[in-house]
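Protein chains: 2
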Amino acid sequence: MKRIGFLLLAVVTVAGIVAHAAGQSDGDSSPIYGVKIPAGYRDWQLIAVKQLHFAGKGEQLRAQLGNDIAIKAFKEGTLPFPDGAIIAAIHWTRVPSEDNNKVLDGPFPGTQSFVIGSRVNVQFMVKDSKKYAATGGWGFADFTDGKPGDKALHETCFPCHTPAKDRDYVFTNYAR
Amino acid sequence: MKRIGFLLLAVVTVAGIVAHAAGQSDGDSSPIYGVKIPAGYRDWQLIAVKQLHFAGKGEQLRAQLGNDIAIKAFKEGTLPFPDGAIIAAIHWTRVPSEDNNKVLDGPFPGTQSFVIGSRVNVQFMVKDSKKYAATGGWGFADFTDGKPGDKALHETCFPCHTPAKDRDYVFTNYAR
Chain A
7 MKRIGFLLLA
17 VVTVAGIVAH
27 AAGQSDGDSS
37 PIYGVKIPAG
47 YRDWQLIAVK
57 QLHFAGKGEQ
67 LRAQLGNDIA
77 IKAFKEGTLP
87 FPDGAIIAAI
97 HWTRVPSEDN
107 NKVLDGPFPG
117 TQSFVIGSRV
127 NVQFMVKDSK
137 KYAATGGWGF
147 ADFTDGKPGD
157 KALHETCFPC
167 HTPAKDRDYV
177 FTNYAR
Chain B
7 MKRIGFLLLA
17 VVTVAGIVAH
27 AAGQSDGDSS
37 PIYGVKIPAG
47 YRDWQLIAVK
57 QLHFAGKGEQ
67 LRAQLGNDIA
77 IKAFKEGTLP
87 FPDGAIIAAI
97 HWTRVPSEDN
107 NKVLDGPFPG
117 TQSFVIGSRV
127 NVQFMVKDSK
137 KYAATGGWGF
147 ADFTDGKPGD
157 KALHETCFPC
167 HTPAKDRDYV
177 FTNYAR
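As you go down the protein sequences, you meet chains A and B in turn. For the first sequence, this note's numbering assigns the number 182 to the last residue and increments by one with no breaks. For the second sequence, this note's numbering assigns the number 182 to the last residue and increments by one with no breaks.
It does not matter which identical chain is meant; a pair holds if it fits inside one copy or across any two.
Within a straight-line C-alpha distance of at most 20 angstroms, the following computed PhoX-like cross-link-like pairs (lysine-lysine) qualify:
#1 Lys81 with Lys171
#2 Lys157 with Lys137
#3 Lys171 with Lys108
#4 Lys108 with Lys63
#5 Lys136 with Lys171
#6 Lys171 with Lys137
Don't read these hints as lab results, they were simulated from the structure. As the structure is a prediction and not an experimental result, all values here were calculated from the model.
Chain A with its partners taken away, still in its complex shape:
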């Protein structure tokens, strides 16, 4: 029994190491695509920034980050994105900054500064041209508080991205 326990532990440990080496975090994966939250994505380089007046859902500030493969492709204008490219889109609530406004209102009366409130969700696009051949080579995921959204939500990802087909289904441009 002791030996079996040790073997099980060893298998679990090795599986964990393999998952981490592949840039996969522990945790749930998105329905349809099986995408997990990539380890260390918050430390990836910045692609661009967006703001959304999200009707019925409030105001958002957003940042798109990319892993090394994605960033290289963005900088060099490589299309389609190579396999292994991952794009993360972090969505936060937008709140007014009283601190900033106090300072800016002096020299620039009427200026309004908005900053990040709290995390809403994070989305990922993972390029694997074989695995995700049916959806333009991209696997999608949408996580809130570390938990993936449901199947119905993930069914909307690819159709929404099809208008950007000529840019390999990616709306975001790299901000110089």
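Assemble chain B onto chain A, guided by the hints.
Frame of chain A; chain B shown alone:
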């Protein structure tokens, strides 16, 4: 003469290598503080995102990036920031995205998406508690199209940051 020419070239080359090793780009430096544009700053990690309704100057989207020393301090809540920390603030114009609006207006009528237009300027705060002891340990710089603003502009940097003295003169919080 040939020998002097070679020596001069060698000195210039070594100076260039030393400057690059210290993370300094070629180019002009800011008045008062002598801060140059740090090499590779666009690849630094993201601290946070802001939006500014800049009275008389239009709408802006902004991103704050940090070098490794700055990011570590932000994540760990280290105050004051250690010497060597550099914070970059990139300011872009904000423009509506027709592409995004077309897609979002279907499921979310009335939604308005804004993206980055063009680069306005980039600002830097460089921590050196000895060199910049008179200004809270920070050297400041504001560049437009690679050229630093004038002395009058740079005289406004430190007074504007003094309300954030209890946060080591840094307004921005790290976005989780």
